[in-house]
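Colleague: Make a model of the complete structure from these sequences and hints.
These protein sequence lines map, in sequence, to chains A and B.
Sequential numbering from 259 applies to the first sequence in my numbering.
Sequential numbering from 925 applies to the second sequence in my numbering.
Because the hints were derived from the structure by calculation, they are not lab data.
Treat each hint with caution, since some may be false.
Rough simulated footprint, nothing fancy, chain A against chain B, three-plus residues with beta-carbon under 8 Å [to be verified]:
1) 1006–1012
2) 1084–1097
3) 1199–1210
4) 1243–1256
Glycine is no exception: its CB is placed at the ideal position from the N, C-alpha and C atoms.
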Amino acid sequence: MDRLLFLLATGLARGAIFALFALALVLIWRAARVVNFAQGAMAVVATYVAFAVTGLTGSYWIGLASALVAGGLMGLVVERGVMRFATHASPLSGVIIAIGVVMVLQSALGIAFGPNARPMEAPFPETPILLGGVPVLSPYDLFVLVVAVGLMGLLALLFTRTSLGLQLRASAFAPEVSRLLGVRVARMVTAGWVLASAVGALAALLLVPTELGLNPHSADMLFVSAFTVAVVGGLDSPPGALIGGLGVGVLISLVTGYLGATVAPIAVLVLLVAVLLVRPGGLFAATEARTA
Amino acid sequence: MSAGTQAPLSAGPLTTSIRAGERGGARSRRPTPRLLVTALVLTVVAIGATFLLDPYRNYQFALIAATFCATAGLTLLIGLTGQLSLGHAALMAAGGYGYALTANALTEAGIDGVPRFVLSLAGAVAASGLLGLLLGLAAARLKGPYLSGVTLVLVIALPAFTAVFSGVLRGDQGVQIAYDGVPELLRTIIAVEQWQAWVAILVAAVFVTWLAALRNGSAGLRMRAVRDDETAARLQGVRAGRVKVLAFTASSITAGAGGAVLCFVTQSVSPGAYTLAFSLLLVVAVVIGGLGSLLGAFLGSIVIVMLPWLIQTATGALDLSADAAQRLTGNLPVLVFGVLLIVVTAAWPGGIRGALPKRPRRGATSAPTEEPSTTSAAAPIPTTTER
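Modeller: Below is the structure:
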């Protein structure tokens, strides 16, 4: 029972990270109708920046800020630099270009920093707090949860209460009409990419200290889990990403805890295939059928 | 030259005749015997070429032929049906495991030589075909990035599968098989690498010819119809779901044959050989070769086998520290391939095949020069099939 509680709590913390990363995928999907397969590699680049900055200044918080900035810049560069050339008539070209970006970024990181994992320190202790004699959450997990939920709240405010959020939503749902009404749709797409990449970078930065360390492939499994989360929740639905993220996080935590870490990817695959077969629109999608 | 080039040679006139058939109603297809003759000639040429190569080159030739099996299936899948699979390495692995397990069972039963190879190849086809059928059933309901995502997860989960079923699949170590030497008759003439290249070429020839026949026949026509406009195809009575499942299964079977050949050449199959990176390389090969083109898939296979080796040789010649050299050999090819992938997709969607001069059309009375069809404007990537 203690173990179950512990696994559930860790699963929630891990799930919050998945949810953030899935939210990044959802943001780009809504803005550009592209599943950004390069999200993981872009986030790892930003995490390397944070790692370097933290190493230079000694401050985790400056590193965190620099990861956000670097993530946003990556979004700008990738969207303006390469993704713009993807033809929108076929969803394949966007995916193929994103894969090209993954290969370029990961190999460049590999050349620059080598394949070895670099340990990354968390700003808070990672030993679980005892709650009535039962180990539950570490202070770091708590920090992750607070940051993730806080950021999602901010994003919700941005999208529902500000003019920028209204323009973002408008250009995602009806680009032609928005253009007629004076919204700069191309700029909004870029803004969506910048926002999403910064969120993705933050998610990777939060995840890495709980894993083995930082290497060019650190975010591969994060991407896979978050893709599953986004599909389970419905690619169009931010609340779906949140709920799906927590659900998948708990599922992976339970599978890892009871069946072993090797089974976790299989569980993700089974969940993904099952959801796609039974409810291809995702569990929380508003629309019945997807078109792309 | 190799067995690989047979299909594109037949492609030009053939697609026009299908187009003529689409327009005129009466279908005048190029007869299958001609495809078989082309395939036979190219196979003989490829086998002849192995006499000109040294053993290491023959080994690389065998790798190229094995890779070509997989890329040929992948290029037709993407080009003809628009389904992008990022997990073909996992399907190759299924074929490799099917081959290795059958071969080991047969060795214990006392069967060896050619019967063992043929039966094991059948085992590989069964394993990869079954996995492909299951994936295809899922794929038929998915569009665009969803199938890519599922296949991506599949290839990432491959080491987990081998670890969970380590009783049969032997975990990270993989399955080893007995060494297949040169048959008695040929032992005085050729070395083992050349023999392996022969086997690889023969298998590739058989499976790619099958794919070409599939593409050129009515199945290929239905696949293109579903790709270009699924609703219209359904209204014409084409069973879209069934067509997609068939395409995915056929593509998996050839990928599995490629995996079987790789297992035959290296005498082992392990998850370490079928990583996500390798899977993405297969995609690189078909994209830079030109989506939908078998000749392109062959040229792409040469590139992805030879370029890493060239880069390794080049960095070996430079005076680098061991660490730097190791980083470069592992990553530089991936960097180059990534750049190629982006540039080709963005600027040069026809790939190598699109850049080659089009062959003059034989017997082109019924074939006016290609007019861009409306569908090619709607689906820019797969149009290369029609070249």
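Colleague: Would you mind marking each hint as holding or not holding in the structure?
Modeller: Results for each hint:
{"no.": "1", "hint": "1006–1012", "result": "holds (count 3)"}
{"no.": "2", "hint": "1084–1097", "result": "holds (count 4)"}
{"no.": "3", "hint": "1199–1210", "result": "holds (count 4)"}
{"no.": "4", "hint": "1243–1256", "result": "holds (count 6)"}
Of the hints listed earlier, there is not a single one the structure fails to meet.
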